[in-house]
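Asks: The listed protein sequences correspond, in order, to chains A and B.
Per numbering that gives the first Met the number 0, the first sequence starts with residue 0, numbered consecutively.
Per numbering that gives the first Met the number 0, the second sequence starts with residue 0, numbered consecutively.
The reader is advised that the hints may include incorrect statements.
[Said to hold, decoys possible] Below are the DSS-like pairs computed for lysine-lysine, each with C-alpha atoms no more than 25 Å apart in a straight line:
1) A:K78 <-> B:K138
2) A:K54 <-> B:K10
3) B:K120 <-> A:K54
4) B:K54 <-> A:K78
5) A:K54 <-> B:K138
6) A:K138 <-> B:K10
7) B:K114 <-> A:K114
8) B:K73 <-> B:K138
9) A:K10 <-> B:K114
Derived by calculation from the structure, the hints in this document are not laboratory data.
Protein chains: 2
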Amino acid sequence: MSTETGCAHCKGADEDRLWADETCRVVLVHETGFEGWCRVIWHDHIRELSDLTPKQRDHVMAVVSAVETGLIAKLAPVKINIASLGTAAPHLHFHVIPRFVDDPAFPDPVWLPAKRTSSRKLPDGFAQSMAIHLQQQLK
Amino acid sequence: MSTETGCAHCKGADEDRLWADETCRVVLVHETGFEGWCRVIWHDHIRELSDLTPKQRDHVMAVVSAVETGLIAKLAPVKINIASLGTAAPHLHFHVIPRFVDDPAFPDPVWLPAKRTSSRKLPDGFAQSMAIHLQQQLK
């Protein structure tokens with residue numbers, strides 16, 4: 000496996016992992032005000048989407064889509080945002096972010112300064128039910 | 000074809016179109032300081048990635064990847080950013096954005112306020128050579 004010293008996504012410490020296979024993993028990010036934010040992280044230290052083979056690309060996007068359908072089913076967000084930026088951390092990962100009218104940045108991108116605080120909480124058992132959804136969708 | 004009145008991506012007016020097939024199109028966005036920014040727009044007024052069939056999803060991501068390899072080959076950016084947000088305009092589209100250390104927001108996401116101005120210009124014939132790249136990659 001290709002790894003790079005100092006890369007947080009290679010290290011993968013302190014992750015709240017919902018699902019994984021031999022190629023990638025899904026983690027729940029605990030970003031204040033943006034409850035339900037997930038990240039799909041390719042295990043290998045790959046830089047760009049186009050560094051994957053077509054088969055690997057189809058697979059990682061199937062995982063992104065399964066995260067999306069889980070978030071829609073369990074949280075009923077207004078919109079899902081998907082982003083693979085990595086400008087500062089060039090290790091392939093996708094943010095999959097449920098958006099709500101009362102989230103801190105809505106309707107702007109989540110990276111903009113907060114306009115409001117959000118008291119939204121995840122429903123009980125969210126992480127476990129997402130894990131079950133991903134297992135069912137991706138088997 | 001599914002369209003919605005008032006949706007800019009359904010209308011598709013004044014686009015600098017580089018490539019299209021029966022499902023989606025690639026346009027060059029003229030965003031000051033972010034020369035080379037492309038958008039892959041699904042023709043139908045589809046809301047989320049997971050509204051596509053797996054075959055459609057694989058196809059649109061192959062188009063995104065072909066835009067990425069074209070931008071890398073022609074502009075040698077530091078990093079590519081990919082994002083499908085659509086919080087305000089919920090019609091499936093992907094931003095494919097070449098990032099440079101001297102772009103207005105580097106290394107932050109492009110949506111943050113500009114830190115600097117950029118005098119970067121696209122090389123002569125860029126749009127035409129991207130169009131040829133996409134035709135070759137996606138035939």
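Asks: Indicate, hint by hint, whether the structure satisfies it.
Replies: These are the hints, each one checked on the structure:
A threshold of 25 Å between alpha carbons decides the hint, and for K78 of chain A with K138 of chain B the separation of about 32 Å lies outside it, so the pair is violated. Only pairs whose Cα atoms come within 25 Å are accepted, and K54 of chain A paired with K10 of chain B is rejected, the gap being roughly 33 Å. Under the criterion of a C-alpha separation no larger than 25 Å, the hint pairing K120 of chain B with K54 of chain A is inconsistent with the structure, at around 35 Å. In summary, the hint linking K54 of chain B to K78 of chain A is supported, as the alpha carbons are separated by about 22 Å, within the 25 Å threshold.
Pair hint K54 of chain A plus K138 of chain B holds up; C-alpha atoms about 18 Å apart against a cutoff of 25 Å. With a C-alpha separation of about 39 Å, the suggested pair K138 of chain A and K10 of chain B falls outside the 25 Å cut-off, and the hint is violated. Simply put, K114 of chain B and K114 of chain A have alpha-carbon atoms about 20 Å apart, close enough for the 25 Å limit, and the pair holds. For the suggested pair K73 of chain B and K138 of chain B, the alpha carbons sit about 20 Å apart, so the restraint of at most 25 Å is met.
Restraint check for K10 of chain A and K114 of chain B: not satisfied, since their Cα atoms lie roughly 31 Å apart, outside the 25 Å limit.
Hints 1, 2, 3, 6 and 9, counting from the list given before, are not met by this structure.
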